[in-house]
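Engineer: So the chains spell out like this:
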Amino acid sequence: METNTIETNFKSEEYFINMGPQHPATHGVLRLLLTIDGEIIKKVEPDLGYIHRSIEKMCERDSYQQIVHLTDRMDYLSSNINNEAVCLAVENALELEVPDRVKVIRTIIGELTRISSHCLWWGVMGMDVGALTTYFYGFRDRELINDIFEETCGARLTMNYNVPGGLMFDIHPNFIKRVKDFIVHFKTKLPEYDRLLTGNVIFHKRTKGVGILTKEDAISFGASGPVGRASGYSCDVRKHHPYSALDKVTFNEALKTEGDTFARYQVRIQEMWESLSIIEQLIDNIPEGEYRVATNAVIKLPKGEYYQKVETARGELGVYIISKGTKNPYRLKFRSPGFSNLSLLNHIAVGGKIGDLVATMATLDLVIPDIDR
Amino acid sequence: MKDSTKDFDDLEEDIMTNQELQELIGSWFPNPAYEKESAAAVEIEAEEDTEEKSAPDEIIDPSLLEFSEEGSQFLNITVLPEQLHSLMSLLKSNKETHFDYLFCLTGVDWGAALGVVYHLESTTHRHSIVVKTQTPDRENPTLDSVCDIWMTAEFHEREAYDFFGITFNNHPNLKRLFLTDEWEGFPLRKDYVDEINMVIK
Numbered sequence: 001m002e003t004n005t006i007e008t009n010f011k012s013e014e015y016f017i018n019m020g021p022q023h024p025a026t027h028g029v030l031r032l033l034l035t036i037d038g039e040i041i042k043k044v045e046p047d048l049g050y051i052h053r054s055i056e057k058m059c060e061r062d063s064y065q066q067i068v069h070l071t072d073r074m075d076y077l078s079s080n081i082n083n084e085a086v087c088l089a090v091e092n093a094l095e096l097e098v099p100d101r102v103k104v105i106r107t108i109i110g111e112l113t114r115i116s117s118h119c120l121w122w123g124v125m126g127m128d129v130g131a132l133t134t135y136f137y138g139f140r141d142r143e144l145i146n147d148i149f150e151e152t153c154g155a156r157l158t159m160n161y162n163v164p165g166g167l168m169f170d171i172h173p174n175f176i177k178r179v180k181d182f183i184v185h186f187k188t189k190l191p192e193y194d195r196l197l198t199g200n201v202i203f204h205k206r207t208k209g210v211g212i213l214t215k216e217d218a219i220s221f222g223a224s225g226p227v228g229r230a231s232g233y234s235c236d237v238r239k240h241h242p243y244s245a246l247d248k249v250t251f252n253e254a255l256k257t258e259g260d261t262f263a264r265y266q267v268r269i270q271e272m273w274e275s276l277s278i279i280e281q282l283i284d285n286i287p288e289g290e291y292r293v294a295t296n297a298v299i300k301l302p303k304g305e306y307y308q309k310v311e312t313a314r315g316e317l318g319v320y321i322i323s324k325g326t327k328n329p330y331r332l333k334f335r336s337p338g339f340s341n342l343s344l345l346n347h348i349a350v351g352g353k354i355g356d357l358v359a360t361m362a363t364l365d366l367v368i369p370d371i372d373r
Numbered sequence: 374m375k376d377s378t379k380d381f382d383d384l385e386e387d388i389m390t391n392q393e394l395q396e397l398i399g400s401w402f403p404n405p406a407y408e409k410e411s412a413a414a415v416e417i418e419a420e421e422d423t424e425e426k427s428a429p430d431e432i433i434d435p436s437l438l439e440f441s442e443e444g445s446q447f448l449n450i451t452v453l454p455e456q457l458h459s460l461m462s463l464l465k466s467n468k469e470t471h472f473d474y475l476f477c478l479t480g481v482d483w484g485a486a487l488g489v490v491y492h493l494e495s496t497t498h499r500h501s502i503v504v505k506t507q508t509p510d511r512e513n514p515t516l517d518s519v520c521d522i523w524m525t526a527e528f529h530e531r532e533a534y535d536f537f538g539i540t541f542n543n544h545p546n547l548k549r550l551f552l553t554d555e556w557e558g559f560p561l562r563k564d565y566v567d568e569i570n571m572v573i574k
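Those protein sequences? They're chains A and B, same order as listed.
For the first sequence, the numbering used here gives the first residue as 1, with consecutive numbering after it.
For the second sequence, the numbering used here gives the first residue as 374, with consecutive numbering after it.
If we strip away everything but chain A, and leave its shape as in the complex, we get (with noise of 0.2 Å):
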């Protein structure tokens, strides 16, 4: 009889619980307002804003060329797809058609980007579940990808290789010869990736059946990239709206239907393959010509309204310019996939545990600079 008396007594409460700004699981400044029952999770409610500079602002007063550099400090892990499409929106703008030799460039640089990208969400996404070792081997190899680009360009993270009209400088002599070796390395560093977490039975339990998005709340909530794909959704902007010299390559849109923590990485692992092999067909291929075309010192933009939309390691960035014709846009919006992904965490958090929260986040693959934008 005692016992029944103080189990009825026993309450569950309702209570409130901050996650972040620094906490590591975060990535980055993301505050998380949590409602809690124990270890279920009510409610999510990010709280945004920690470092927010108003680059949409500082465009408004900017000319295009600097604009394109501070595309860098968005969504830093795929800096030089930001500055593409900038400069996309602007050629195409302005008409300009630039040589076949920097849209092979630009196209395997942003591959090589969105595989250090997935690298360093990999490493992190096992961390994450408690797999430190991951976060070496990820790192390890991504490395390997940013002296590519400091040989290249100087810059090992943000790059600002791209200018309106082709880019900064042409390639490195050793560029060609140092992604082959990179290739041949990676293709046999990526069975081991599987081999250390994807085959995992603790990982397994920690990432199947959590997290799911059905594809009509993927499309409704905006979802975009990975974990749009991961949803059975079609949305890899390089099939739909092909830019660069993505029309002249032939790959598969990672695709997979559960919609869960779990298909989200395999997409991601399949998206390192796929980036590899759409490499591999433009490294031998890269056409001889001019690296940049000629624009005027001063860009003005023909009255009108310009929308270049690009697949970034994250998801869809669109670039929508607004132009009266002036050496600045009058306005300019920055659409980022993170934006539009963390929206949806809510909806599929809640009903989880605590640690299942952490995992979904890591396939969210959030930088809360292209959120805070």
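Each hint should be verified, as a subset may be incorrect.
20 Å max Cα-Cα, derived EDC-like pairs, lysine to aspartate or glutamate [to be verified]:
1. A:LYS324 - B:GLU443
2. A:LYS300 - A:GLU97
3. B:LYS505 - B:GLU568
4. A:LYS215 - B:ASP521
5. A:LYS177 - A:GLU143
6. A:LYS57 - B:ASP564
7. B:LYS468 - A:ASP217
Note that these hints are calculated values from the structure, not bench results.
Since the structure of chain A is already known, use the hints to place chain B on it.
Structural biologist: Chain B alone, transformed into the frame defined by chain A:
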């Protein structure tokens, strides 16, 4: 990995050109100017669409819908704030248009008016469209929320509220997203002045 390949050729056939989109959307509403151009075609389409047309509560005045392709790669529709929500639900629910993916929602300060630009795409037909609306009331700008149509709008509308001060009716959780609650003014408006933090040329 059999399921990872998809045949994209099938999708291509469904794409509607801007012209077809304009004709279809125009045909939802009894537009006198349009009927003169092709009276017969409208009659057939109007009969087919009777069920869908009865769905919206408000009737959209067609003379206030404006189509334009100038200076943009998409078809632009300009709509009055009062009719925004009914047009948006039709664009999503109609099987032929089926704009189920809101990929960009942008707040814009046009000077005399504050507006919102919606970029829509259909994931089944792969065609795109842009819907624009604006309100001249800078003191208390109010538009209808489209959160119930596309869930992604919830965060995007909070962003527009944060930076432009546009209030969205029926939004479930309309408050500042990036800035603190005590922040005064709306920074992305053209008349916003912050002498400490802004470099003004």
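Engineer: Now tell me if each hint is right for this structure.
Structural biologist: Each hint tested on the structure:
1. A:LYS324 - B:GLU443: Holds, at roughly 13 Å.
2. A:LYS300 - A:GLU97: Satisfied, since the Cα-Cα distance of roughly 16 Å is no more than 20 Å.
3. B:LYS505 - B:GLU568: 32 Å, violated
4. A:LYS215 - B:ASP521: 17 Å, holds
5. A:LYS177 - A:GLU143: 16 Å, holds
6. A:LYS57 - B:ASP564: 12 Å, holds
7. B:LYS468 - A:ASP217: Holds - the C-alpha atoms of ASP217 of chain A and LYS468 of chain B are around 18 Å apart, at most 20 Å.
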